[in-house]
Amino acid sequence: MKIISIVSGKGGVGKSSFTASLALVLSRKFKIVAADCDVDAPNLALLLGVRRLEKTERVSTRYKAFANRRAARCRNLAEICAFSAISWNERKRMPEINRFLCEGCGACKLACPQGITLKRVKNAVIGEAKTKYNFRLVSGMLVVGESGSGNIVELVKQRARKIAENLGADFILLDSSPGIGCPVIASLRESDYAVGITEPTQTALSDLKRVLEVARHFEIPHGIVINKYDLNPKVSEAIESYAGENRIPLLGRLPYDAKFVEAAVNMLPVVAYETRYERMFLGIWNRIHRELKRSRRHAET
Amino acid sequence: MLFAVTGGKGGVGKSTVATALAFHLAKRSKVLLLDLDAECPNDHLILGMEMKKIGEVETMIPEFDYGACQKCGRCSRVCREHAILFVKGKYPILIPEQCIGCKACELACPVNAITEGTRTIGEILLGRKGNLTLLAGRVKPGVEESSMVVNAVKRRADFEGYDYVFIDTAAGTHCSVISALLGCDVALAVTEPTPLGSHDLELILKLTRKLGIKSYVVINKAGVGDERLIERVVKRYRTSVIARIPYSREIEKRYVEGKPVIHEAIENLTMRLQSMR
Amino acid sequence: MRIAVSAAEDKGLDSQLSLAFGRAPYFVIVEIEDKKIKSSKTIQNTAAQQFGGAGITAAQLVANERVSVVISGAVGPRAFQVFQQLGIKPVRGIPGTVKQNVEAYIEGKLQEITVPGPFGGRGRFGGNF
Chain A
140 MKIISIVSGK
150 GGVGKSSFTA
160 SLALVLSRKF
170 KIVAADCDVD
180 APNLALLLGV
190 RRLEKTERVS
200 TRYKAFANRR
210 AARCRNLAEI
220 CAFSAISWNE
230 RKRMPEINRF
240 LCEGCGACKL
250 ACPQGITLKR
260 VKNAVIGEAK
270 TKYNFRLVSG
280 MLVVGESGSG
290 NIVELVKQRA
300 RKIAENLGAD
310 FILLDSSPGI
320 GCPVIASLRE
330 SDYAVGITEP
340 TQTALSDLKR
350 VLEVARHFEI
360 PHGIVINKYD
370 LNPKVSEAIE
380 SYAGENRIPL
390 LGRLPYDAKF
400 VEAAVNMLPV
410 VAYETRYERM
420 FLGIWNRIHR
430 ELKRSRRHAE
440 T
Chain R
34 MLFAVTGGKG
44 GVGKSTVATA
54 LAFHLAKRSK
64 VLLLDLDAEC
74 PNDHLILGME
84 MKKIGEVETM
94 IPEFDYGACQ
104 KCGRCSRVCR
114 EHAILFVKGK
124 YPILIPEQCI
134 GCKACELACP
144 VNAITEGTRT
154 IGEILLGRKG
164 NLTLLAGRVK
174 PGVEESSMVV
184 NAVKRRADFE
194 GYDYVFIDTA
204 AGTHCSVISA
214 LLGCDVALAV
224 TEPTPLGSHD
234 LELILKLTRK
244 LGIKSYVVIN
254 KAGVGDERLI
264 ERVVKRYRTS
274 VIARIPYSRE
284 IEKRYVEGKP
294 VIHEAIENLT
304 MRLQSMR
Chain V
703 MRIAVSAAED
713 KGLDSQLSLA
723 FGRAPYFVIV
733 EIEDKKIKSS
743 KTIQNTAAQQ
753 FGGAGITAAQ
763 LVANERVSVV
773 ISGAVGPRAF
783 QVFQQLGIKP
793 VRGIPGTVKQ
803 NVEAYIEGKL
813 QEITVPGPFG
823 GRGRFGGNF
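Residue numbers (the working numbering), protein chains in the order written: chain A, 140 to 440; chain R, 34 to 310; chain V, 703 to 831.
Treat the hints with caution; some may be incorrect.
Chain A side only, calculated, beta carbon under 10 angstroms to chain R, not exhaustive [claimed, not checked]: (1) Ile324; (2) Ala325; (3) Thr342.
Capping the alpha-carbon separation at 25 angstroms, the derived lysine-lysine pairs in PhoX-like fashion look like this [what the hints assert, rightly or not]: (4) R:Lys123 to V:Lys743; (5) A:Lys348 to R:Lys85; (6) V:Lys713 to A:Lys301.
Think of the hints as simulated: they come from the structure by calculation, not from any bench. Beta carbons are placed, not taken as given, at the ideal position from N, Cα and C, and that holds for glycine.
All chains, please: the whole structure from these sequences, using the hints.
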């Protein structure tokens, strides 16, 4: 069972829509599970026409510190907190903890054992659904205002792995979030392959380079897909040069086509909306598959 | 007055709007733009500004004094990030990438064998062009704590002497976005008139409401979708649409070429912001 | 010498090898003497459910069992570094039981993992880098 992560660095270049279409195309040949690890703003369910998640679970991956009256004796907590989450409330005459800044590290509890309690905070909801394309989707959503998205991604992956094991699935397709921070790192870790989606703008290329640097850091083999490639041929060429210079396989180019936007507006993967794109996605998949086999074969020599 | 330009969904046009506003206002006023998308800072590319590194962002990591260490393992036990490995009979081992710098280990050590070392997690960049000052944070790829870089840039910024201060946040609602938003007076939530856009707009409005920040909605790429989707969310969160930037080939061309957007809608928005000050 | 083998089941030496190190449900700790299996025991991998860094904590777990070799599948770059610091040799296992893997190791048939990553083995991935 192999895990393929879809990353981009830049938001809005078409990660989720790519994942949706790739999942659809793959599900015709293999048993797969899709996982939406963009836990801040999960969109994969919407694109796959899933209206409601089942087997939902409110989970906690975070602790937060809470001060009680006995903390009034501990006047040094503000200096102790490395995240500036604690301030002294003059009116209440006790320390006050800003829940948005608190990391739940427990340092204040060590300094003030009687006055501080660490409590688990429910910071996410994880659920699953059977899509109308006959594969299962696991989706996680961060409770707005909470933190710990990296760990929530881990939980989404764990559930996806469990389902994949029960089904005997061949692949897990993972849609990650934009950026290169902890949710993306959590998506990339332990993946067998990463697909970097980009578009021909300088900003997207700059972000792509950064996210692929993270993939390299975690030793994850990776390839590039250029979305809307004909939008700016000059930058498309620059992307291809970058790929060539760094020996990163170019897995495919998708054209700038209104159909992609129309499909998203209609909440459909583009291959379901316009079947002639199936061939394009199959071509991309064949290249990914070849890269996966090549990496494995090379490692086993 | 601190204006945040944000919007849960990636690619809706946060940086486009933030740089357009800064660019336009800088013609006549002193503007400070903070690019707090520390994972993927792009404003300098759109504004064509040369950036100079003016500082490093460091976080604390424990350094063990093996002379004093009693190999009790307490540091490892209190570390909630699993950053300190302890094998019985051996000295503790630090995994720097897991460490968030909370200093719990330092507090827990019964023989004060832990002192503070540093780990560089990012850098602060500065650029200037006419009346426009751009301060950006950039996290080192592989580092997880982007909010620390965001906070370091905010601390470094000198807000005095500017007519307008803008903060460009990252996409999403996670901790580094929260760190960027905290302390802002007004948030401009950028969205697009599509189902995904309205879905994510709701998330960012939920967040700004929780943080107690007054928000207004900016509809980007207006005219090519169903604005009723947005209006429903706007009503539910008792806010209003403060600007509509239409989809146009001109704007798209400038976006694709990586140049700040110039449009009447941006000018009108700056006038609204002016009245807010 | 002692060897830890990541196992997918709780069947001792007859358990199937687990290719995941950090997330393996169990480790079988095998004691070798005179090139023969002397004894074995199974421990639960308490790090398996951990968010992030499971491999690192799992490394700590087996290190506390005083093993000098770990037979498993892929090892991430951070866990790999930890093995190096602890003086533990990671070895790539083969599909089969724990017993088969240990015997293959004794016969020198298994390969040391010299490079971290999903396909860690000798050399790097074709096409990239």
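Okay, the hints, checked on the actual structure:
Taking 10 angstroms as the C-beta cut-off, the interface hint given for Ile324 of chain A holds, the closest approach to chain R being about 6 angstroms. For Ala325 of chain A, the suggested interface contact is upheld, since its CB lies about 9 angstroms from the closest CB of chain R, less than 10 angstroms. For the restraint placing Thr342 of chain A at the interface with chain R, the shortest Cβ-Cβ distance is roughly 4 angstroms, inside the 10 angstroms limit, so the hint holds. Restraint check: the Cα-Cα separation between Lys123 of chain R and Lys743 of chain V comes to about 23 angstroms, which is no more than 25 angstroms; the hinted pair holds.
In summary, the hint linking Lys348 of chain A to Lys85 of chain R is supported, as the alpha carbons are separated by about 20 angstroms, within the 25 angstroms threshold. Between Lys713 of chain V and Lys301 of chain A the alpha-carbon distance is near 20 angstroms, which keeps this suggested pair within the 25 angstroms criterion.
This entry satisfies every hint, going by the numbered hints stated previously.
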